[in-house]
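Student: Turn these sequences into a full structure, and let the hints steer you where they fit.
Residue numbers (my numbering): 16 to 149.
Mixed in with the good hints, there may be bad ones.
Stated by the list, open to error - Using 16 angstroms as the maximum straight-line C-alpha spacing, the simulated EDC-like pairs for lysine to aspartate or glutamate come out as follows:
#1 Lys92 - Glu111
#2 Lys78 - Glu117
#3 Lys100 - Asp124
#4 Lys127 - Glu141
#5 Lys145 - Asp65
#6 Lys140 - Asp65
#7 Lys93 - Asp65
#8 Lys94 - Glu117
#9 Lys127 - Glu142
These are calculated hints, taken from the structure and not from any lab test.
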Amino acid sequence: MTIWIGTVTYFWKVLPKNYFSTLAASLYPFADPFADATKGDDLLPAGTEDYIHIRIQQRNGRKTLTTVQGIADDYDKKKLVKAFKKKFACNGTVIEHPEYGEVIQLQGDQRKNICQFLLEVGIVKEEQLKVHGF
Numbered sequence: 016m017t018i019w020i021g022t023v024t025y026f027w028k029v030l031p032k033n034y035f036s037t038l039a040a041s042l043y044p045f046a047d048p049f050a051d052a053t054k055g056d057d058l059l060p061a062g063t064e065d066y067i068h069i070r071i072q073q074r075n076g077r078k079t080l081t082t083v084q085g086i087a088d089d090y091d092k093k094k095l096v097k098a099f100k101k102k103f104a105c106n107g108t109v110i111e112h113p114e115y116g117e118v119i120q121l122q123g124d125q126r127k128n129i130c131q132f133l134l135e136v137g138i139v140k141e142e143q144l145k146v147h148g149f
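Tutor: Shown next, in the form of C-alpha cells:
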C-alpha cells in the first residue's frame, strides 16, 4: 500500500505544472458562442429575417450560461428575465453586448425551457428560433 501511494505521489510530481489546463483545453476547445450568428443569413426565408438565437456557454466545470439574443425591442427584456427567473428557478440578467445589443443571460442550461416559454407566450414562431450549442 505504501509503495502505491508513493508511486502516485511521484507521478504527480513528474507532470508539468500546466498539464491539466492543457489537457482541459484540448478536450474542450471552446469557441466564441456568437461566431455562428451570421452564418447562413443569405439563405433566410421570406418573413423570418429576425431570428432569436438561444446559445449555451460553458463556464467552469459543469456550470453553464444560456444566452438569448435577438428579442425585439418591443418587449421589455428585464420583465422577460423576471418571468424566466420565476418560472425556471434560476438567476438571470440583461447584459449589453457591443455588437448584438441587449442579450439575456440565464444560469444553467435553459434552452428547452426558453423555447417552450417563447412559443407559449407567442413572442416568436418556431421557425424564428435558432438553438445553438452542444
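Student: Each of the hints needs a verdict: does it hold here or not?
Tutor: Going down the list of hints, with the structure as the test:
Pair hint Lys92 plus Glu111 holds up; C-alpha atoms about 11 angstroms apart against a cutoff of 16 angstroms. In summary, the hint linking Lys78 to Glu117 is not supported, as the alpha carbons are separated by about 22 angstroms, beyond the 16 angstroms threshold. As the CA atoms of Lys100 and Asp124 are separated by approximately 13 angstroms, the hinted pair is consistent with the 16 angstroms bound. Restraint check: the Cα-Cα separation between Lys127 and Glu141 comes to about 12 angstroms, which is no more than 16 angstroms; the hinted pair holds.
The straight-line distance between the Cα atoms of Lys145 and Asp65 is roughly 10 angstroms, inside the 16 angstroms bound, and the hint therefore holds. Only pairs whose Cα atoms come within 16 angstroms are accepted, and Lys140 paired with Asp65 is accepted, the gap being roughly 11 angstroms. With a CA separation close to 20 angstroms, the supplied pair Lys93 and Asp65 exceeds the 16 angstroms bound. At roughly 13 angstroms between alpha-carbon atoms, Lys94 and Glu117 fall within 16 angstroms of each other, so this suggested pair holds.
A hinted pair counts as satisfied when its Cα atoms are at most 16 angstroms apart, and Lys127 with Glu142 qualifies at roughly 15 angstroms.
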